[in-house]
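A.B. asks: For the record, the sequence lines run as chains A and B.
Throughout, the numbering used here is defined as the position within the first sequence, counted from one, plus 616.
Throughout, the numbering used here is defined as the position within the second sequence, counted from one, plus 616.
Worth flagging that the hints you see were computed from the coordinates, not collected in a lab.
Just so you know, not all the hints are guaranteed correct.
Remember, identical chains collapse to one label, so a pair may be satisfied in a single copy or spanning two.
[Claimed, not checked] Calculated lysine-lysine pairs in the DSSO-like style (CA-CA distance at most 27 Å, straight line):
#1 LYS686 / LYS946
#2 LYS994 / LYS686
#3 LYS706 / LYS994
#4 LYS686 / LYS706
#5 LYS686 / LYS898
Nothing here was measured: the structure is a model prediction, and the numbers come from that model.
2 protein chains.
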Amino acid sequence: MTSLLIRNVRIMDGDAADILIRDGAIAEIAPGIDAPGVAVEDGGGLIAIPGLVDAHTHLDKSLIGWPWYKNDVGGGSLVRMIENEREMKKRLGIDPHVQSMRHALKTVARGGTLIRSHVDIDTEGGLRALEGVMETAEKLADVVEIETVAFPQSGLMIREGTAELMDQAMAMGADLVGGLDPCGVDRDPKGHLDTIFGLAEKHGKGIDIHLHERGELGLYSMEMILDRAEALGMTGLVTISHAFCLGMADFRRVDAMLARLAALDVRIMTTAPTSSPAPMVKELDAHGIKIGAGNDGIQDTWGPYGNGDMLERAKFVGLRNNLRMDEEVKRALDICAGGGAEAMAKPRRAMEAGAPGDVVLVEGETVVQAVVTHAPRKLVVKGGHVTARDGQTLVEAP
Amino acid sequence: MTSLLIRNVRIMDGDAADILIRDGAIAEIAPGIDAPGVAVEDGGGLIAIPGLVDAHTHLDKSLIGWPWYKNDVGGGSLVRMIENEREMKKRLGIDPHVQSMRHALKTVARGGTLIRSHVDIDTEGGLRALEGVMETAEKLADVVEIETVAFPQSGLMIREGTAELMDQAMAMGADLVGGLDPCGVDRDPKGHLDTIFGLAEKHGKGIDIHLHERGELGLYSMEMILDRAEALGMTGLVTISHAFCLGMADFRRVDAMLARLAALDVRIMTTAPTSSPAPMVKELDAHGIKIGAGNDGIQDTWGPYGNGDMLERAKFVGLRNNLRMDEEVKRALDICAGGGAEAMAKPRRAMEAGAPGDVVLVEGETVVQAVVTHAPRKLVVKGGHVTARDGQTLVEAP
């Protein structure tokens, strides 16, 4: 936890001011702050926005730094993509620590200060991926906060031994219990959900479950999730990632589900996908549901896209939700920053005293312009600690 | 029309070769070409791709170069956005020539060599926008080929005098007759379509009509368009832009319509929008329908998004259509280059002898990597003429 005085920045679209960070948190925002003995950075009139938050990614999957991976598998079948990934990981000898360092630092270079990473737990890779990502989290503790979700990517009930590995993962220190399409992958929604909620109860942790299932099937799985959240008193402790079914056309059904999600304070993480239905920001906002966003896996066996940039993701959130007004685009940014942190049950990143000292300086005429151009990040600060300058992290990637 | 030898490039993902452009067209692609007296550019081992094609944009609308336009109108109502734009154009005193120069050169800087621009024709602006864009087309004749579509943005039947202006626009030299949501805006599909097809017949030109109408309404308008195309023998001369209705869920209806579109060789232009249904590349490809892509308006009163980059648009086409395999992403690029040109009834841009001498050199390990990172354009060549280096056009924007 460090102290830092950032001079002469524009606070979002506001007037010029200085930002004083003391012991990792924003202590004061005002013009002409005097703070003897505190290190100073000149903001040069740039725009200051809160640290960016990737609330849904997979740090253990990226192939950054490897020769180009030619994808011949495509997106036809979820199970085939999962199997292809397990096979490629073995064949290439991917090191989850090295890959997660590369991925996390790419995110930091673009203003990331907080990441939630799902990490594959399966009977082939065992706990290796989690060990690697936890090693990265420890090494980068001053650079970016990394939360881990033990994620049964290859299925839980259909692969004997996975539940035990998940239990070990939680004992090792994973922050949340993950899950995946209880109907679609395991074909045993009761077994899947009883297992992951059992683990959450045993270890006293929250849940973040991937739910790609669409339409009525997705709503059915969602109901089963909410039944358990309610029975176990897990209000505010359950997150549903993707939640494609909330984008289905039958709005009566969706709206009723949103009301129930809100009542249990379930959080929704989205990538603002373009090729599938998706939870709609304005509809969720109308119910006060907390929303985070994430880049999901980047440059991996699943597809070639992605770069760790949560400012570009804010643009995608804006485009996906048809957000055209400046105030709306700012909400898209918030989902990729303070709002995302809140959805992760972390302190809200914001340009105000008391908030974490996570600040990003970007070029641009206005904040909205910075979002739509995903403008260069000139300085990234995490807890008062400078982590990147001009798109380069101070810690070098392996 | 110029000659140029580009040495040492990788042809798409292929081996190193030289490209000889003679009199504006690719004459030869081979290693170690000897062409005495021809100007030489060193390609430095970069990837050579065909010139990029923006087949649907609005050069007269952008606010590039103006102070930030704060959008308070949003995307709730098409008519309100249209009215707001007309009012803002007047209030700001937008000069269509200056704005279209800025916009076109932004596109060129990112590898654009061919643009189709819709240009507003209405009873307030008259023919001013078309005059401005045509002046730009003439000034930039060596830099980028610009085609114009006389576009009744504010409605045709609902604004007396517009049809006469459209007639004058065609007489002035607009390349195509435009149209807009015959049901949704004019509320008179018969009147609207009879008018624009009448103009096309009178002036011997093709049609490119905006069709945002969704679902059955869109299919109904599409049927009325095709009835007229068929009756007038306009096979290959009609383009439908956006065509959101082709993304509707009822695939039986869509597939039957695709068969009819294919039979009349109707071309489809898409922006690969993320917040609305859209024509799906693989479905259209299955019918052999020609597809082009466009950035649509950029940085205007409609919204803050867009930058003129058709390589980024190729990424959007890939994301929108869930294209993950390398071969699929290359098809997305083709839609934004050679395929788009073909959809415009222009010679296909391609890396082969006989094709136009439109070449872009990009950084990257592979073509797909260049698409997904929209990698820097190091050199842009149009008809053998160097138009941009390192993201800067040689002609300066006003």
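A.B. asks: For each hint, tell me whether it holds in the structure or not.
C.D. replies: Right, here's what the structure says about each hint:
1. Taking the shortest alpha-carbon separations for LYS686 and LYS946, only the inter-copy value of 12 Å comes in at or below 27 Å, while the best intra-copy value is 37 Å.
2. In this homomeric assembly, LYS994 and LYS686 come within 27 Å of each other (Cα to Cα) only across copies, at 24 Å, whereas the closest approach inside a single copy is 33 Å.
3. In the homo-oligomer, the alpha carbons of LYS706 and LYS994 never lie at most 27 Å apart, since the shortest distance is 38 Å inside one protomer and 37 Å across protomers.
4. Proximity of LYS686 and LYS706 under a CA criterion of 27 Å is satisfied intra-copy only: 16 Å inside one chain copy versus 51 Å between copies.
5. Taking the shortest alpha-carbon separations for LYS686 and LYS898, only the inter-copy value of 20 Å comes in at or below 27 Å, while the best intra-copy value is 38 Å.
Hint compliance for this structure: hint 3 alone is broken.
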